[in-house]
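Student: What follows is each chain in one-letter form.
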Amino acid sequence: MLTGEDEISEKVTCVQCGALIALKGRFCNHCGARQSIINTSERNWRLLKQAALFFAIDIAACCLAKFTDAFDTFFWYLLLDISMALSAIAFFAINWKENKTLLVWRNFSWQKLAAYGAIAMGGSIFVHYSVGWLNIVIYSRDEHYFGLLKGNFLAELLVVFFTAVMPALFEELGYRGYMLQTMLKVADQEQAVYISAFLFAIIHMSFISLFWLIPFALFLGFTRIRENTIWYGIFFHFCFNLTACLFEFW
Amino acid sequence: MENVPSDSIVRCEGCYKEAAIDDAYCTACGYPIKGTPLQQKIFVSRQIKAEFDVVKFKRRVSKAGSTLYYLAGIFILGACLSFFSKKDDPNVLAIVLPEVILAVLFLVLADYSKKKTLACFISGLCLFVITELLGIAAGTQISLLYMILVIVIIGFLVLGIKSAIEIERIKKENNIV
Chain A
2 MLTGEDEISE KVTCVQCGAL IALKGRFCNH CGARQSIINT SERNWRLLKQ
52 AALFFAIDIA ACCLAKFTDA FDTFFWYLLL DISMALSAIA FFAINWKENK
102 TLLVWRNFSW QKLAAYGAIA MGGSIFVHYS VGWLNIVIYS RDEHYFGLLK
152 GNFLAELLVV FFTAVMPALF EELGYRGYML QTMLKVADQE QAVYISAFLF
202 AIIHMSFISL FWLIPFALFL GFTRIRENTI WYGIFFHFCF NLTACLFEFW
Chain B
32 MENVPSDSIV RCEGCYKEAA IDDAYCTACG YPIKGTPLQQ KIFVSRQIKA
82 EFDVVKFKRR VSKAGSTLYY LAGIFILGAC LSFFSKKDDP NVLAIVLPEV
132 ILAVLFLVLA DYSKKKTLAC FISGLCLFVI TELLGIAAGT QISLLYMILV
182 IVIIGFLVLG IKSAIEIERI KKENNIV
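So the sequence lines, in the order shown, correspond to chains A and B.
Quick note on numbering: the first sequence equals residues 2 to 251 in our numbering.
Quick note on numbering: the second sequence equals residues 32 to 208 in our numbering.
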């Protein structure tokens, strides 16, 4: 049973007539005015267009790096990588007030971190062997991207930086930070995770790799929702990519 | 108006939820409980219009869902044609498999779009756009008819996304289940 004071605290003033109305009421019982004045469909459509712009920038950068011979140099690779990172930061910062909470590492636990690291490494080993097998079955060859760099310590460090550190940081910031947070405003939690995971998976532009990219992205999405921080995801992503790099070098 | 036994509570004619006897408007749907018959009629006609709008948007959503099924069919057909025209090629699997994967993906998205409409349409649209970009990068010949077809497919999917958002808004605003 509510006391008189509680009843007053459960009330708000109507946006139109200023009368005291129940907090849970969607319409004023005095003037009939709707209390939520935000046009949700217009706002959702605007957010979707914004997310589409972020995705289009990523697609453009990936297409230029992958399919244009003129951009097939280390300088352009670096420039496109930096532009994708800047795009992730810029879109994440659009709603900085709300998104900054994702950068706080709440309930930090070494056990959890170790568990995520172990799952990431186990997953990476599975992906390494299964992708190797698929490459032999489908393309009759096993692909090694960095085999030529073996023994060159500085080059190996650069590869680790560009394939383990940068993607872990900025893909998580972009897809589990900005994209997922935006989709959570447009759709329910499950759909938001599916959308951000699917977009993350297809941006890699390898349909055969979708068998592991989609579960990988879904795991990261649900981890971000459960932990309410992107840091566990960043660590997971880093361990996964680092294991892949180590396989290439040793 | 159908009164419940209690003296202080009435039932709204717009949404059938309980309202206090002093309420001039229903706090759940905005129905003018103490309004004139004309005000009440205008409110009901607005509700009916909203329901018609939902039907119109549902038709667009259904068209977008069908588009995903057609895309699955196109990729299955493409995979079959590629297989039979290049079955002696040692790389036939590398050519056919991506098309089979795309067909399966579009089929799953089309089927699942009945439950998770927005997620499936956004994913389907992005997948289609990326597929087309990869096709252009691979040197696919683009004719005017092909361009029109691509624009029509994108149009249907975009309308599906917009309609899914509108349906949610109308349902929320008018308490339509």
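Think of the hints as simulated: they come from the structure by calculation, not from any bench.
Be aware that a few hints might be false.
Simulated pairs of lysine to aspartate or glutamate, EDC-like, Cα-Cα distance not exceeding 16 Å [said to hold, decoys possible]: (1) K203(B) with E43(A); (2) K186(A) with D84(B); (3) K146(B) with E228(A); (4) K101(A) with E228(A); (5) K147(B) with E191(A); (6) K193(B) with D84(B).
Ranges between beta-carbon positions, derived for each pair [claimed, not checked]: (7) A71(A) with L176(B): 26 to 32 Å; (8) R90(B) with W46(A): 41 to 47 Å; (9) I79(B) with F72(A): 56 to 62 Å; (10) L21(A) with M178(B): 57 to 63 Å; (11) I209(A) with L176(B): 26 to 32 Å; (12) W97(A) with S116(B): 33 to 39 Å.
These stretches of chain A come out as covered by chain B in the derived footprint (C-beta under 8 Å, 3 or more residues) [said to hold, decoys possible]: (13) 62 to 70; (14) 178 to 192; (15) 200 to 211.
The C-beta atom is built at its ideal place from N, Cα and C for all residues, glycine as well.
Student: Of the hints stated earlier, which fail here?
Tutor: Those not satisfied are hints 2, 3, 8, 12.
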